[in-house]
Amino acid sequence: MNVKIVVGLIVGAGLLAGCNQKNAQEETQESAKPLAEKVVPKAEVKTDVEVVEHTDKPGVTYNQVHTLTSEVLAVDLDTRTVILADSEGGPVEFEVGDEVRNLAQVSAGDKLSVEYLNTVNIELVPQAMQPMSAGTTETARAAEGEMPGAAQMNQTVDVFQVTEINIEDNTFKLKNSAGEENQYIARNPENLKKAKVGDSVVITTTEAMAIGVTKLAAE
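Quick note: the sequence shown uses the numbering used here, first residue 428, plus one each step.
Because the hints were derived from the structure by calculation, they are not lab data.
When the alpha-carbon atoms are kept at most 25 Å apart in a straight line, the in silico PhoX-like pairs for lysine-lysine are as follows: (1) LYS620 / LYS602; (2) LYS620 / LYS484; (3) LYS623 / LYS484; (4) LYS602 / LYS621; (5) LYS623 / LYS600; (6) LYS484 / LYS621; (7) LYS473 / LYS642; (8) LYS602 / LYS484; (9) LYS538 / LYS473.
What follows is a set of in silico ranges between Cβ atoms, one per label pair, in the way DEER data are often shown: (10) ILE594 / THR488: 24 to 30 Å; (11) ARG507 / ASN609: 44 to 50 Å; (12) PHE521 / LYS473: 17 to 23 Å; (13) VAL523 / LYS620: 53 to 59 Å; (14) GLU607 / THR488: 22 to 28 Å; (15) GLU520 / ASP596: 55 to 61 Å; (16) GLU607 / ARG507: 41 to 47 Å; (17) VAL523 / LYS473: 19 to 25 Å; (18) THR488 / GLY517: 37 to 43 Å; (19) ALA570 / LYS484: 40 to 46 Å.
Every residue, glycine too, gets a C-beta built ideally from N, C-alpha and C.
Let the sequences and hints guide you as you build the complete structure.
See below:
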């Protein structure tokens, strides 16, 4: 499994700086569409969104959970082909790679579910930090004999430096790890008064995805 959807830093910084919340949510939802199409084509998708403003210091946390579900219509073990029901009940066929264990445990009527969590945490740190970008990835899959399942978590930490603050124009500039500077409009003008040139903005982006199959309950 190699699925990674990265929320652009411009969107992340925009949440802190003044990008309209609705537009940012729509952009992230658009970025999640390839996940739905790749893992469960035309699946039923439920999305929950939460935006939490920090009260102790300037910052915001943006949480979004996508839950995808689909019913297994048929399984061909010889060709490792699985047929799923799309959102209208029609068949969608695709091949399952060898990295997926225990395909023999799956049968018609089982439920395939995919849960994707995207969290962007943005905070102002009142100290100078070197602009940088780093990431980690962790994966896991079902043990032998269990129902097929897998999980993956990607986390990226990006540090920006505040290089300019303009209280009158309600703007500020951030420098990234490549040395590039970009200007943003502050969503909350009061936050500019709490920051100073040389402070750091830390954006932590976490994407976690879990795929599992639920056995059809016996009647």
